[in-house]
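When the letters of the sequence shown are read in order and numbered with numbering that gives the first Met the number 0, they come out as residues 0 to 607.
These are computed hints drawn from the structure, not numbers from a lab.
Built from N, CA and C at the ideal position, the CB exists for glycine as well.
Some hints here could point you the wrong way.
Mimicking BS3-like on lysine-lysine, the simulated pairs with C-alpha atoms at most 30 Å apart in a straight line are [claimed, not checked]:
{"no.": "1", "residue 1": "246", "residue 2": "366"}
{"no.": "2", "residue 1": "194", "residue 2": "36"}
{"no.": "3", "residue 1": "259", "residue 2": "119"}
{"no.": "4", "residue 1": "526", "residue 2": "441"}
{"no.": "5", "residue 1": "119", "residue 2": "58"}
{"no.": "6", "residue 1": "32", "residue 2": "303"}
{"no.": "7", "residue 1": "259", "residue 2": "181"}
{"no.": "8", "residue 1": "32", "residue 2": "366"}
{"no.": "9", "residue 1": "343", "residue 2": "366"}
Using C-beta positions, here's what the derived DEER-type ranges look like [to be verified]:
{"no.": "10", "residue 1": "114", "residue 2": "356", "range": "26 to 32 Å"}
{"no.": "11", "residue 1": "205", "residue 2": "50", "range": "50 to 56 Å"}
{"no.": "12", "residue 1": "323", "residue 2": "98", "range": "48 to 54 Å"}
{"no.": "13", "residue 1": "390", "residue 2": "304", "range": "39 to 45 Å"}
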Amino acid sequence: MVQRIKVRLGDLLVQNELIDDSQLQSALAEQRKSGRKLGATLIAMNLVTEQQLLQLLSKHLNVPAIDINDYRVNQNAVRLLPEIQARRYRALVIDDLGERLLVAMTDPADINAVDELSAKLPKPIDLAVVSETQLFAAYETFYRKTEEIASFATELADEYTDDVEFQLGGTMDDDEDNLVAKLLQSIFEDAVMAKASDIHIEPGENQLRIRQRVDGVLQENIIPQNNIAAALVLRLKLMSGLDISEKRLPQDGRTHIKVKQRDIDVRVSTMPIQYGESVVLRLLDQSEGILSLEQTGMPAGLMKRFRHLLSRPHGMLLVTGPTGSGKTTTLYGSLNELNQPETKIITVEDPVEYRLPRINQVQVNSKINLTFASVLRTTLRQDPDILMVGEMRDQETVEIGLRGALTGHLVLSTLHTNDAISSAIRLIDMGAPGYLVASSLKGIVAQRLVRKLCDRCAQTAPAISEHRVWLSQINEELAHADFKHAGGCQSCNYTGYKGRIGVFELLEMNEPMMNALKVADTTEFSKQAHLSEGYKPLALAALDYAVEGITSLDEVLKLVELVSDNGLVAAQKSTETHQIGAESLVQSSLGANTFAPASGSLSLEDID
């Protein structure tokens, strides 16, 4: 039953001695200035906690306190209340109980809001109290734009007949143009709400696929109206300054949008495919700013060594890994630290992803022969202290970069390789002289991103047989230990994962490695690299996170398969080199046979 008890929250808190009269008056004065609800004001002033407020309202109003993350919310029930009204009344319909609806509110004592909800919903309501933080997070989860996208797509498709293909060179009337704009806005909003890094628009024979890459994994939404694809492509080309009449060749462009008070840079790439043009939109949230190196997840010990390399006055430092491994984030985080008034920094990029003050950023343009190599020749005459080259793509760029590092510049760049060891070998394979690589190259960071387990639903269990086979090659005790596995809850959209974290390996050049490179002896170089102090391969760095309960063994095994054709042998070889023993692992885990997050939890770095 809906409780209709008139209650003043401030008086209730004073009666229960959670605050005193003077604190209440201060909060009321602050509330008048901010316009926020009294409960939110008290929490912001640290006078009460969110949990104290929930328990008080629950007890006084005789309604349950709900943890939305642990409650299996009925998404059909959610749709009974439009988002704009849900936000207005600070409410969410979380379940259909048959004859009644269960509605979670931040303030069930708000009688006016309760009356409005009762009038708008098709069934009588029961109330529950929920924290404001969880409610706002739930809005982002449940009020996705999937239905809105489908509705706009259907309306737009009705404007075209099945036997007439929309021509990019044609025109749209105002209504059609408005529908396309609304559809694209919904697509962008949905992607931002899902924290997607990319949007893929892919026309098929009988349908249009819109896929979003969330935490490195594509999520698919299928629209049956494939005849609207050309209209979307046209609008995106106009937004990004591309040639709308060219459908036979790939094109690259850029645009800027504002979504939910966030400034988003969008990199646009089009490519002709069998049933039209595929478009990939890379979303770069400029409002979040440049991530610091600490935010990349780089371990403290490795971070200290990496910063030491950044502090050197000259030499080349490479950040390697495949597309989407976080190289750009690491490089920009490094530039952010190096960006000082007394230091001149020039970057050569394709494209320039983030704008940084004080740094001279050059966008290459192959159409006018403004290539990496041609720009690098000029930059060396611009008296820079630090150079950042977006990518070592060819022999000429590699040699100019290496010579720049040799002549007193710190050169940062990227390379698409599997690991740190193969990166130095790749430079020689690209035609750079071994002596030049040995003299200029100072360090290599290889990195990947792995998904983090959702901390609300991760489950502890023994490793499955497939995982035990791999673990036994590293350490027999690990093969019989318990690890955390993906579960699935509302908070992580039932994937078991939420967010990603970087996995890193750092190879610092030493004399034995330099000697091997001088004579292009790649076998000896690889041997000396494995023996070098502080080197830990990506596989074992990822295993650190599984030991700590940050990620799952499934994610670790995916990474092992990516970085090595024979992950078992590579990990075993590195383990033997670093002499990681079973006894030290067990003792360091404080006698427990469960490798899960704990205060002072173990990292394999502590064992080396």
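ask   = Which of the listed hints are broken here?
value = 6, 8, 10 and 13
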